[in-house]
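Participant: Chains as they are written, first to last, in this note's numbering: chain H, 1 to 114; chain U, 1 to 114.
Source of the hints: derived by calculation from the structure; they are not laboratory data.
Ideal Cβ placement from N, Cα and C applies to all residues, glycine included.
You may find that some hints are simply not true.
Partial selection, computed: residues in chain U whose CB lies under 7 Å from chain H [to be verified]: (1) 42; (2) 43; (3) 102; (4) 105; (5) 107.
Result set (DSS-like, lysine-lysine): computed pairs, CA atoms no more than 30 Å apart in a straight line [stated by the list, open to error]: (6) 36/U - 58/H; (7) 41/U - 71/H; (8) 19/U - 49/H; (9) 38/U - 61/H; (10) 58/H - 22/U.
Simulated restraints, written as ranges between beta carbons of each label pair [to be verified]: (11) 27/U - 54/H: 22 to 32 Å; (12) 70/H - 17/U: 44 to 54 Å; (13) 58/H - 15/U: 28 to 38 Å.
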Amino acid sequence: AQSVSQHNHHVILSEAASLELGCNYSYGGTVNLFWYVQYPGQHLQLLLKYFSGDPLVKGIKGFEAEFIKSKFSFNLRKPSVQWSDTAEYFCAVNRPGSARQLTFGSGTQLTVLP
Amino acid sequence: DTEVTQTPKHLVMGMTNKKSLKCEQHMGHRAMYWYKQKAKKPPELMFVYSYEKLSINESVPSRFSPECPNSSLLNLHLHALQPEDSALYLCASSQTSAVAYEQYFGPGTRLTVT
Numbered sequence: 001a002q003s004v005s006q007h008n009h010h011v012i013l014s015e016a017a018s019l020e021l022g023c024n025y026s027y028g029g030t031v032n033l034f035w036y037v038q039y040p041g042q043h044l045q046l047l048l049k050y051f052s053g054d055p056l057v058k059g060i061k062g063f064e065a066e067f068i069k070s071k072f073s074f075n076l077r078k079p080s081v082q083w084s085d086t087a088e089y090f091c092a093v094n095r096p097g098s099a100r101q102l103t104f105g106s107g108t109q110l111t112v113l114p
Numbered sequence: 001d002t003e004v005t006q007t008p009k010h011l012v013m014g015m016t017n018k019k020s021l022k023c024e025q026h027m028g029h030r031a032m033y034w035y036k037q038k039a040k041k042p043p044e045l046m047f048v049y050s051y052e053k054l055s056i057n058e059s060v061p062s063r064f065s066p067e068c069p070n071s072s073l074l075n076l077h078l079h080a081l082q083p084e085d086s087a088l089y090l091c092a093s094s095q096t097s098a099v100a101y102e103q104y105f106g107p108g109t110r111l112t113v114t
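The following block holds chain U by itself, in its conformation from the complex (with noise of 0.2 Å):
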């Protein structure tokens, strides 16, 4: 099983809104990533978790916070986001974040911020 799962696939959300975006992967990988994906663009890394530990974050701002609660699930709360946040956010895993191995993604989250 090479699946990455997310939910929900799309979410409206205003302004003043909390949510939280989730990821799962059962392929027992210890590497799990946060990316966001504007229309026609490459994807772009926002969070790195390695061994359910944060271990990059670009600069990513702070209505953005990610949390790893075990080895399969990742989460996004947004909170206060802008209408430019709008876009695909994917999630994808790896064996380890150390050493190279490929990342498989899921199907992302449409967001869009009204």
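Bound-form chain H, shown alone (with noise of 0.2 Å):
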């Protein structure tokens, strides 16, 4: 079965900082990868999904990922995060062809000090 690490459980930065939030996953065939938000008290939000073609994915609000396949990996990046930006992030694999759709990592809660 597929699963997906997330190894950062709570990070803290302050504004303007950059950021790079990890993900890796298990499975060893083709892959879905998508980066979902979670701002407190609201739904899970989609920030961008790669499916193929271009490694690096532009996203909302100015996030960013890179599927690397050697490595299994599909960090998600910031160049300057703010204070908005503090919310539950979590990285979720599918396969093509599954109905189960998608496995999620455990997330990530990033706080941004103003």
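Relying on the hints, combine the two individually framed chains into one complex.
Facilitator: Below, the structure is given as structure tokens:
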């Protein structure tokens, strides 16, 4: 079975700092990759997704992620975080054709200090 | 419109009550999902409906009973719940479940079982 690891459980940054959140998955075949964000009291929103093509994908709110197949990784980055980026971030993976769709990582709580 | 709506937002019920959660989407999606999310944890898949038929039941106790009356609606009927069932219940939808598409999540119903 596939699994997703997010090793950073809680990240604290000051505004304008750069962000990188790690995501590794265990499945060796073709995968689709996602980052979701959950702001306090709000629903899960899709930040970005990777299905195929350019391994560097850009999402909403200035986020980007890079798929590195050899490392089974899909790390999320943002050059300069804002206080409003404080949220829980979930990496998720699915396999094409799998009806179960998404396997989520355990999540990373990002706190940005003003 | 990429909105999934859920009602009610909050629900408090006793262990002998019967209640229902509702989910609606008007994006023409043919796959709909129920997830359970505990605080600071990732969503856990409960059920998948594909073309209005139940395709996945992740060994959910029978006190949770899903129903898909039509392609836009998804219900979750609750009966004889336990306090440990208290959680945020999320509905999601995607174009289909057989091919990978991103899922859109609703805001959730915060359920408290007393």
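Participant: So, for every hint listed, does it hold in this structure?
Facilitator: Each hint, compared with the structure:
A distance limit of 7 Å between C-beta atoms decides the matter here; for residue 42/U the minimum to chain H is near 4 Å, and the interface restraint holds. Proximity of residue 43/U to chain H holds as hinted, the smallest CB-CB distance being about 6 Å (cut-off 7 Å). A hinted interface residue such as residue 102/U counts as satisfied when its beta carbon comes closer than 7 Å to some beta carbon of chain H; here the least separation is about 5 Å, so the hint holds. Given hint, residue 105/U at the interface with chain H, holds; its Cβ is 4 Å from that chain's nearest Cβ, closer than 7 Å.
About 4 Å separates the beta-carbon of residue 107/U from the nearest beta-carbon of chain H, less than 7 Å, and the hint is met. With a C-alpha separation of about 29 Å, the suggested pair residue 36/U and residue 58/H falls inside the 30 Å cut-off, and the hint holds. Proximity of residue 41/U to residue 71/H is assessed by CA-CA distance (about 25 Å); at most 30 Å being required, the pair is judged to hold. A distance of roughly 36 Å separates the Cα atoms of residue 19/U and residue 49/H; the hinted pair therefore is violated under the 30 Å criterion.
Straight-line distance between C-alpha atoms of residue 38/U and residue 61/H comes to about 27 Å, which keeps the hinted pair within the 30 Å bound. For a cut-off of 30 Å, the pair hint linking residue 58/H to residue 22/U is broken: about 34 Å separates their Cα positions. Between residue 27/U and residue 54/H the Cβ separation comes to about 26 Å, which falls inside the hinted range of 22 to 32 Å. As the Cβ distance of residue 70/H to residue 17/U is approximately 53 Å, the hint placing it in 44 to 54 Å holds.
The hinted window of 28 to 38 Å between residue 58/H and residue 15/U is violated, with their beta carbons roughly 48 Å apart.
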